[in-house]
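Undergrad: Now for the letters of each chain:
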Amino acid sequence: MRHLFWMTVFAGLTAIVFGVVAKGSDRQRLVYGLKVFGEFLFVAFALGWILYFLPLR
Amino acid sequence: MVAKQIQQSSRAETPGHAWLIGLAAWAVPGLGHLIQRRWFRALLLGGAVWGMFFTGLWLGGHLFKPGPNDQGIAALLQLLPMTANVGVGLPYIYCWLTNTGFADHAQMVTYEYGNTFLLVAGLINYLAMLDAFDIAAGRKQ
Chain A
1 MRHLFWMTVF AGLTAIVFGV VAKGSDRQRL VYGLKVFGEF LFVAFALGWI
51 LYFLPLR
Chain B
58 MVAKQIQQSS RAETPGHAWL IGLAAWAVPG LGHLIQRRWF RALLLGGAVW
108 GMFFTGLWLG GHLFKPGPND QGIAALLQLL PMTANVGVGL PYIYCWLTNT
158 GFADHAQMVT YEYGNTFLLV AGLINYLAML DAFDIAAGRK Q
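Residue numbers (the working numbering), protein chains in the order written: chain A, 1 to 57; chain B, 58 to 198.
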């Protein structure tokens, strides 16, 4: 749970910056920031599950 | 016509204060927007960078700098992450002068998270710096 928490904090803080510096209206930037946040989490979960099934040990 | 407009805009000189604001934005995260009275942007950007920096240190991450034993490729490998760390500006310089945050805490579970937080704090401050510069130069609202 600790990893999930810090990954979410990381995604949130990075998404804030990406959303703020993006171009467009306030609404567009808010949507972009939320999209970036969701993409961070989605990619992390997807990679996590892919690595889980790979016989790396 | 578009080409002419692009040519004209590229000739427009960047005001001198924009460079100073860019420097301030790099040195103290959030200050570039604060000077320009962009309170909310300053709060969000400064808060994110400072938050990430202190969280990174708290999680056991370490800052990078070329050591006395690093030569050749080893020194280059230290320079890349150091460039990212330097992005936070004065906090990095303060840590360098006081030798704070350069020690490894590899025994901590969150050590790698800390490193990532510290690296990305510097990188996103570069973005914030460019944003402040663009606003000061009139290229962005």
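Derived from the structure by calculation, the hints contain no laboratory data. Errors might be hidden in some of the hints.
Unchecked claim - Reference excerpt, derived from the structure (chain A facing chain B, CB under 10 Å, subset only):
#, residue
1, R2
2, H3
3, W6
4, M7
5, V9
6, F10
7, G12
8, L13
Don't be surprised by glycine CBs; every beta carbon is placed ideally from N, CA and C.
Undergrad: Which of the stated hints cannot be reconciled with the structure, identified by number in ascending sequence?
TA: none
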